[in-house]
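If you want the building blocks of each chain, they are given just below.
There are 2 protein chains.
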Amino acid sequence: MSESPDLQAQRAFQQQLTDAGLLVRSGVAGVYARNGVFESIVDGLTRMIGVEGAWQQAEVLRFPPVFARKHYERLDHLANFPNLLGSVHGFEGGDAQHRAMLDDMVAHGDWARHLSPSETMLAPAACYPLYPGAQGVLPEGGRTVDLESFVYRHEPSDDPARMQAFRMREFVRMGTAEQARQHRDDWIERIKGMLESLLLPVEAVVANDPFFGRGGKVMKASQREQDLKYELVVPICSEEHPTAVASCNCHLDHFGARFDIRTVHGDVAHTACVGFGLERITLALLRIHGLSPASWPLAVRKALRLD
Amino acid sequence: MSESPDLQAQRAFQQQLTDAGLLVRSGVAGVYARNGVFESIVDGLTRMIGVEGAWQQAEVLRFPPVFARKHYERLDHLANFPNLLGSVHGFEGGDAQHRAMLDDMVAHGDWARHLSPSETMLAPAACYPLYPGAQGVLPEGGRTVDLESFVYRHEPSDDPARMQAFRMREFVRMGTAEQARQHRDDWIERIKGMLESLLLPVEAVVANDPFFGRGGKVMKASQREQDLKYELVVPICSEEHPTAVASCNCHLDHFGARFDIRTVHGDVAHTACVGFGLERITLALLRIHGLSPASWPLAVRKALRLD
Numbered sequence: 000m001s002e003s004p005d006l007q008a009q010r011a012f013q014q015q016l017t018d019a020g021l022l023v024r025s026g027v028a029g030v031y032a033r034n035g036v037f038e039s040i041v042d043g044l045t046r047m048i049g050v051e052g053a054w055q056q057a058e059v060l061r062f063p064p065v066f067a068r069k070h071y072e073r074l075d076h077l078a079n080f081p082n083l084l085g086s087v088h089g090f091e092g093g094d095a096q097h098r099a100m101l102d103d104m105v106a107h108g109d110w111a112r113h114l115s116p117s118e119t120m121l122a123p124a125a126c127y128p129l130y131p132g133a134q135g136v137l138p139e140g141g142r143t144v145d146l147e148s149f150v151y152r153h154e155p156s157d158d159p160a161r162m163q164a165f166r167m168r169e170f171v172r173m174g175t176a177e178q179a180r181q182h183r184d185d186w187i188e189r190i191k192g193m194l195e196s197l198l199l200p201v202e203a204v205v206a207n208d209p210f211f212g213r214g215g216k217v218m219k220a221s222q223r224e225q226d227l228k229y230e231l232v233v234p235i236c237s238e239e240h241p242t243a244v245a246s247c248n249c250h251l252d253h254f255g256a257r258f259d260i261r262t263v264h265g266d267v268a269h270t271a272c273v274g275f276g277l278e279r280i281t282l283a284l285l286r287i288h289g290l291s292p293a294s295w296p297l298a299v300r301k302a303l304r305l306d
Numbered sequence: 000m001s002e003s004p005d006l007q008a009q010r011a012f013q014q015q016l017t018d019a020g021l022l023v024r025s026g027v028a029g030v031y032a033r034n035g036v037f038e039s040i041v042d043g044l045t046r047m048i049g050v051e052g053a054w055q056q057a058e059v060l061r062f063p064p065v066f067a068r069k070h071y072e073r074l075d076h077l078a079n080f081p082n083l084l085g086s087v088h089g090f091e092g093g094d095a096q097h098r099a100m101l102d103d104m105v106a107h108g109d110w111a112r113h114l115s116p117s118e119t120m121l122a123p124a125a126c127y128p129l130y131p132g133a134q135g136v137l138p139e140g141g142r143t144v145d146l147e148s149f150v151y152r153h154e155p156s157d158d159p160a161r162m163q164a165f166r167m168r169e170f171v172r173m174g175t176a177e178q179a180r181q182h183r184d185d186w187i188e189r190i191k192g193m194l195e196s197l198l199l200p201v202e203a204v205v206a207n208d209p210f211f212g213r214g215g216k217v218m219k220a221s222q223r224e225q226d227l228k229y230e231l232v233v234p235i236c237s238e239e240h241p242t243a244v245a246s247c248n249c250h251l252d253h254f255g256a257r258f259d260i261r262t263v264h265g266d267v268a269h270t271a272c273v274g275f276g277l278e279r280i281t282l283a284l285l286r287i288h289g290l291s292p293a294s295w296p297l298a299v300r301k302a303l304r305l306d
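So the sequences go chain by chain: A and B. If you read the first sequence in numbering that gives the first Met the number 0, its first letter stands for residue 0, the second for the next number, and so on. If you read the second sequence in numbering that gives the first Met the number 0, its first letter stands for residue 0, the second for the next number, and so on.
Incorrect hints may have been included.
To be verified - The calculated lysine to any residue pairs, modelled on SDA-like cross-linking and capped at a C-alpha distance of 25 Å, are:
{"no.": "1", "chain 1": "B", "residue 1": "Lys191", "chain 2": "B", "residue 2": "Arg223"}
{"no.": "2", "chain 1": "B", "residue 1": "Lys219", "chain 2": "B", "residue 2": "His253"}
{"no.": "3", "chain 1": "B", "residue 1": "Lys216", "chain 2": "A", "residue 2": "Lys219"}
{"no.": "4", "chain 1": "A", "residue 1": "Lys69", "chain 2": "B", "residue 2": "His253"}
{"no.": "5", "chain 1": "A", "residue 1": "Lys219", "chain 2": "B", "residue 2": "Gly93"}
{"no.": "6", "chain 1": "B", "residue 1": "Lys216", "chain 2": "A", "residue 2": "Gln96"}
{"no.": "7", "chain 1": "B", "residue 1": "Lys191", "chain 2": "B", "residue 2": "Lys216"}
{"no.": "8", "chain 1": "A", "residue 1": "Lys69", "chain 2": "B", "residue 2": "Lys191"}
{"no.": "9", "chain 1": "A", "residue 1": "Lys69", "chain 2": "B", "residue 2": "Asp226"}
{"no.": "10", "chain 1": "B", "residue 1": "Lys69", "chain 2": "A", "residue 2": "Asp109"}
{"no.": "11", "chain 1": "A", "residue 1": "Lys69", "chain 2": "B", "residue 2": "Ala256"}
{"no.": "12", "chain 1": "B", "residue 1": "Lys216", "chain 2": "A", "residue 2": "Asp102"}
{"no.": "13", "chain 1": "A", "residue 1": "Lys301", "chain 2": "B", "residue 2": "Lys191"}
{"no.": "14", "chain 1": "A", "residue 1": "Lys69", "chain 2": "B", "residue 2": "Ala53"}
{"no.": "15", "chain 1": "B", "residue 1": "Lys69", "chain 2": "A", "residue 2": "Lys219"}
{"no.": "16", "chain 1": "B", "residue 1": "Lys69", "chain 2": "B", "residue 2": "Arg223"}
Stated by the list, open to error - Computed spacing ranges between beta-carbons, pair by pair:
{"no.": "17", "chain 1": "A", "residue 1": "Asp184", "chain 2": "B", "residue 2": "Ala99", "range": "39 to 47 Å"}
{"no.": "18", "chain 1": "A", "residue 1": "Gly26", "chain 2": "B", "residue 2": "Asp208", "range": "18 to 26 Å"}
{"no.": "19", "chain 1": "A", "residue 1": "Glu177", "chain 2": "B", "residue 2": "Ser3", "range": "50 to 58 Å"}
{"no.": "20", "chain 1": "A", "residue 1": "Gly20", "chain 2": "B", "residue 2": "Val205", "range": "36 to 44 Å"}
{"no.": "21", "chain 1": "A", "residue 1": "Ser237", "chain 2": "B", "residue 2": "Glu154", "range": "27 to 35 Å"}
{"no.": "22", "chain 1": "A", "residue 1": "Glu188", "chain 2": "B", "residue 2": "Ser3", "range": "54 to 62 Å"}
{"no.": "23", "chain 1": "A", "residue 1": "Val136", "chain 2": "B", "residue 2": "Glu154", "range": "34 to 42 Å"}
{"no.": "24", "chain 1": "B", "residue 1": "Gly35", "chain 2": "A", "residue 2": "Glu188", "range": "22 to 30 Å"}
{"no.": "25", "chain 1": "A", "residue 1": "Pro138", "chain 2": "B", "residue 2": "Gly135", "range": "51 to 59 Å"}
{"no.": "26", "chain 1": "B", "residue 1": "Val205", "chain 2": "A", "residue 2": "Asp306", "range": "54 to 62 Å"}
{"no.": "27", "chain 1": "B", "residue 1": "Gly135", "chain 2": "A", "residue 2": "Ala256", "range": "37 to 45 Å"}
Unchecked claim - Facing chain A, from chain B, some residues (calculated, C-beta under 8 Å):
{"no.": "28", "residue": "Gly26"}
{"no.": "29", "residue": "Gly35"}
{"no.": "30", "residue": "Leu77"}
{"no.": "31", "residue": "Gly85"}
{"no.": "32", "residue": "Arg213"}
{"no.": "33", "residue": "Val217"}
FYI, nobody ran anything at the bench for these hints, they're computed from the structure. C-beta atoms are modelled at their ideal positions from N, C-alpha and C, and glycine is treated no differently.
Sequences and hints are given; from them, build the entire structure.
Laid out in structure tokens, this is it:
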């Protein structure tokens, strides 16, 4: 297996990042604080992406990190990616149960059995909270939405590019089949150009989502056959296994049918999303141009307004 | 009870905000998407707060919305505010349990019983993830830290100023008892001045945290007697019950002792935090200056660079 040299490289990069103070460990694998330098790069990226997408005149929507459990349950995430979910549980008891919970914490640590599922889940992608609320007839010309939020994926890892909580910027298109596919295809080239202007060695490759379990194999193959998902990949800790820093996805009429989203002509809407992993692009820049943005190439500094 | 007119005013304001598209309902009370206009105000505020606090030359740290469960368990939040917590649960099973979980979802909806507590909790305040990592000896002069993150409190409400997920900016001081109290006291006046420059009718009042249950009454009284917490309040939906939009808190040596944080002289460190509720200040501005920032007083627009 080629896992081992990759893992070594990931741990070495993680150590460099924490030594430099760019990331601060939190006691949980894949959960870090970011320092001001790291954040200035993220700020530069989000500004640059906004400029790149300005021609779309997209609706800006910012969702918090949690969204409705009842919407989650209709999104197929539980079938496809159960291992990655984050379910928010809370305490609904009174004084007596509170005392019992505190006693359990002291006695054996298993206090969480007193909790029950709340009305929310952590959002696994910036666009998941959007579709359930988009039910109904789209305006003439469809909708283009600009999203950014913290998303959660339960996959503890020492790879600094595989965080449990990270920010995802997205542009979502909802409209006809042609509008959706056009959006996806256009953005593959735009993102490639954008990342090349940051002097990153980027490639666009056909990809699949990490569908769960034995049944997942069929889903992966089908997604690839249908040419639905492209990833923009950059080598961060491995030349052989470059990291996806952005992805461009056609959902066909999956969300349209599920949430009854329709075009003005009455057809089931198609949707597509393009997503930027803000931490991953930042890590790619730090890996390739060095840990000190002050000494990055001038073109990169200018593009990100790092001054 | 005076609850009823307040609740009416809160629901009316909520309706105005959603009609104007500033907030978008999500199917869960207290969870909203924000639109671009709302976000431009938040951006203006966070820039303004950064300028106001620049003299401190604070370390910038940005934590994600989740933090270590093992740290949460040492923070007394479970004793004091169990009703507000958010515990992140995940799925650790294989194919067979996955099928059972999906069957349960279809049959009766109770699929979450297949989940177990993960390594993380949702952060209830921006500064909670900081203290556990601050263990050890502080530098000469102590530390001042600039934080901002999404925080979570499980209190579903129709009051738009009582969200379940919202952003909190904080400046935390760790050092001697005098340094901590000075930080807290200075910021009461600074925040008052800042909010007055935004033409908000603000008052500083002694306050207490919403400690849980019967035992909580004693805690509330003790916190007030010791003069530990001040809130900056602005009337949003009620003149009689104004809303806290910022708070300034002395923790004495609570976190210092709990997490073994020490001054260079070997004393247990004292800590203090000042926090800005970014959504609440935004809502106060929208309530008092109107729902259209384009027609706000020029001084306010300039201070927030809304142009």
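Right, here's what the structure says about each hint:
no.	hint	verdict
1	B/Lys191 - B/Arg223	20 Å, holds
2	B/Lys219 - B/His253	16 Å, holds
3	B/Lys216 - A/Lys219	56 Å, violated
4	A/Lys69 - B/His253	40 Å, violated
5	A/Lys219 - B/Gly93	18 Å, holds
6	B/Lys216 - A/Gln96	18 Å, holds
7	B/Lys191 - B/Lys216	29 Å, violated
8	A/Lys69 - B/Lys191	41 Å, violated
9	A/Lys69 - B/Asp226	43 Å, violated
10	B/Lys69 - A/Asp109	12 Å, holds
11	A/Lys69 - B/Ala256	42 Å, violated
12	B/Lys216 - A/Asp102	21 Å, holds
13	A/Lys301 - B/Lys191	37 Å, violated
14	A/Lys69 - B/Ala53	43 Å, violated
15	B/Lys69 - A/Lys219	36 Å, violated
16	B/Lys69 - B/Arg223	30 Å, violated
17	A/Asp184 - B/Ala99: 39 to 47 Å	41 Å, holds
18	A/Gly26 - B/Asp208: 18 to 26 Å	25 Å, holds
19	A/Glu177 - B/Ser3: 50 to 58 Å	53 Å, holds
20	A/Gly20 - B/Val205: 36 to 44 Å	38 Å, holds
21	A/Ser237 - B/Glu154: 27 to 35 Å	45 Å, violated
22	A/Glu188 - B/Ser3: 54 to 62 Å	58 Å, holds
23	A/Val136 - B/Glu154: 34 to 42 Å	35 Å, holds
24	B/Gly35 - A/Glu188: 22 to 30 Å	26 Å, holds
25	A/Pro138 - B/Gly135: 51 to 59 Å	57 Å, holds
26	B/Val205 - A/Asp306: 54 to 62 Å	44 Å, violated
27	B/Gly135 - A/Ala256: 37 to 45 Å	56 Å, violated
28	Gly26	4 Å, holds
29	Gly35	3 Å, holds
30	Leu77	6 Å, holds
31	Gly85	5 Å, holds
32	Arg213	6 Å, holds
33	Val217	13 Å, violated
Consistency note: the structure conflicts with the earlier hints numbered 3, 4, 7, 8, 9, 11, 13, 14, 15, 16, 21, 26, 27, 33.
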